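Asks: If you want the building blocks of each chain, they are given just below.
Protein chains: 2
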Amino acid sequence: MRINLVLTGFGIVGREFIKLLEEKRDALRGNYDLDIRLVAVGGRGGFLANEDGLDLTALGGAETGSRSLQAYADAQGSPLVASFGEADALIEATPTDTDTGEPGLGYIMQAIRNRMDVVALSKGALVRHYNEIFAAAATNRVRLKFSGATAAALPTLDIGQISLAGCEILSIEGILNGTSNYILSRMQQDRLSFEEALRIAQSRGIAEANPKLDVEGTDSACKMLLLANCLLGSKLSLSDVSVTGIVGVTEQDLEEARAQGSKIKLLARARKQDGAVRVEVSPRKIGTDHLLFSVDGTNKGIVFRTDTMGEVGAVGGSSSPRGAAAAAMKDLIHLYRKI
Amino acid sequence: MRINLVLTGFGIVGREFIKLLEEKRDALRGNYDLDIRLVAVGGRGGFLANEDGLDLTALGGAETGSRSLQAYADAQGSPLVASFGEADALIEATPTDTDTGEPGLGYIMQAIRNRMDVVALSKGALVRHYNEIFAAAATNRVRLKFSGATAAALPTLDIGQISLAGCEILSIEGILNGTSNYILSRMQQDRLSFEEALRIAQSRGIAEANPKLDVEGTDSACKMLLLANCLLGSKLSLSDVSVTGIVGVTEQDLEEARAQGSKIKLLARARKQDGAVRVEVSPRKIGTDHLLFSVDGTNKGIVFRTDTMGEVGAVGGSSSPRGAAAAAMKDLIHLYRKI
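Going down the list, the sequences are from chains A and B.
For the first sequence, counting from 1, position 210 maps to 210 in this note's numbering; every step adds exactly one.
Take the position in the second sequence, starting the count at 1, then add 1000; the result is the number in this note's numbering.
Pulled out of the complex, with its shape left as it was, chain A reads as follows (with noise of 0.2 Å):
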């Protein structure tokens, strides 16, 4: 089966999907005949082009942002074009805008009325605009998967809508997000300061230059949101969502859980409570028998409580951008193949 592809977002997640999707090639191809073309990538700086497919060695060897597909685009001699036109998927992978749901926004929904699938990797028009997406989706009956948005390489939507099937899921609890969790690691192994931690993470390419985001709770509170809306049936927004993030978590902190065997982490919950959701990210004790105790560094972990499984959960999938693009890999396979 033939899958021409679209890529919205050439940083650092979109460059490390067209890398895999060349080391790949052979493995789609042989373990679920899939024969993926990409036809355009590009964002607000143009989009490169071509029917025939890119050339995928050249783009994952290229520097990321508009100015490089600028360059590919005059060594070709073939100038960018403006957008995207009509192809199979879309691979939504811009930056996060919380705030707008902007560039994401736009390029789903062309997507959608262009009638392609769309696999999305930020979250920004997601949780502002999960109700009207999936509207549209569903008019235009176009499939959406967007597990990149939701802990990416951590199977979260697998294990809430395939692993539990027919049980009730009660309540979700995570640590879904790797920054965060890295920042509060360090802190708590090597007693630094939030401060020292950041500066680490930073340093390592984990935490970015503004870490609001992870280090505030809002991605965390991002992920849990999407989770919740599709797994226990709310439509709550971003603004529902009470969030505290790592940022007050003092060294004393620390030293307490520490005394107690315990340790801080930043946990996203979300539960069924008198007849609504309940959606809320905080820093929080646990204890040696939490199942999440382990999940250090940059991996993630969530738990599920159910009322006939008991808690089941996933862990690992520590945060990378060949995690984020692997993940997309995943949806893009599970669109066109029954696995």
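Think of the hints as simulated: they come from the structure by calculation, not from any bench.
None of the values given here were measured: they were computed from a predicted structure.
Heads up, some of the hints might be wrong.
Beta-carbon label-pair distances, calculated as ranges [to be verified]: (1) B:Asp1307 to A:Gly77: 35 to 43 Å; (2) A:Gln202 to B:Arg1141: 54 to 62 Å; (3) B:Gly1045 to A:Phe134: 48 to 56 Å.
Just so it is clear, CB atoms sit at the ideal spot from N, CA and C, and this is done for glycine as well.
Given chain A's structure and the hints, the job is docking chain B onto it.
Replies: Same frame as chain A, but now just chain B:
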């Protein structure tokens, strides 16, 4: 969609499955459009059968075992029959016999000849006759699911087949037996001897009167063997697995681990090595940095090491008849509904 089911094995798990069929009747209809009718239940002592569906309330409240089925038949004035007839699917829940694979093997092969899909909870037939069973299923175009035989409510095959789609699995490591994990946990936490911890496990219904399969590691070996054959492409049988159980774990071993902040766990492991797949089960020391460190009591856990997603695993799924029954129900839903 109406599904006619046969259940072989009216033990604790089989009866729990019947209870769940009744408890979840509305959810199965509403969420998955599945209208499930139990048309036969039984085993070596004979089968209760009714094309219009057996009385789930009566069976769910009955004693387990063939005498109880006989009493039900007597009360209804309809005798037990020697075998089951045609239906859509078989739920195979007879006791596991790893030497012969019977009686499960006979029932599974009969169902496959009848072109019925199969959900296996018992392991004996699969570990003894894996290739033969799957060849017959392919010839007769029926599908076979066996979550119940690979750690039940802990999602093992789901993660390997679905969540890791597109990844190469390099190795698998798991705490796959809830009974031996409970015994080790109690020995570790409460400084009990193996015999004391086993007695407590037996008094709580966690260990069977004959705990050999669990404490000698065979149950863990069966599960990892099935996972390796299914996910790593091996064609191993039980005699290829090197197995050491927990019987030889001493209080001194545990004291040493405790002094280092470690724990001893019964780990089942499978890995690709020099073009072959090696499977082994043995007690091993793990530290707080291991993703399965907090998997205690009757909980289970599994970690997959992959090429693109790093380490991804599942935790929880505490062993219980209800959890096993819920895993079979999940398989049944997966057979008939694209999730």
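Asks: Would you mind marking each hint as holding or not holding in the structure?
Replies: Hints, verified against the model:
1. In this structure the hint that B:Asp1307 and A:Gly77 lie 35 to 43 Å apart at CB holds, the actual value being about 37 Å.
2. Taking 54 to 62 Å as the suggested C-beta distance range, the pair A:Gln202 and B:Arg1141 conforms, at roughly 56 Å.
3. Between B:Gly1045 and A:Phe134 the C-beta distance comes to about 52 Å, which sits within the given range of 48 to 56 Å.
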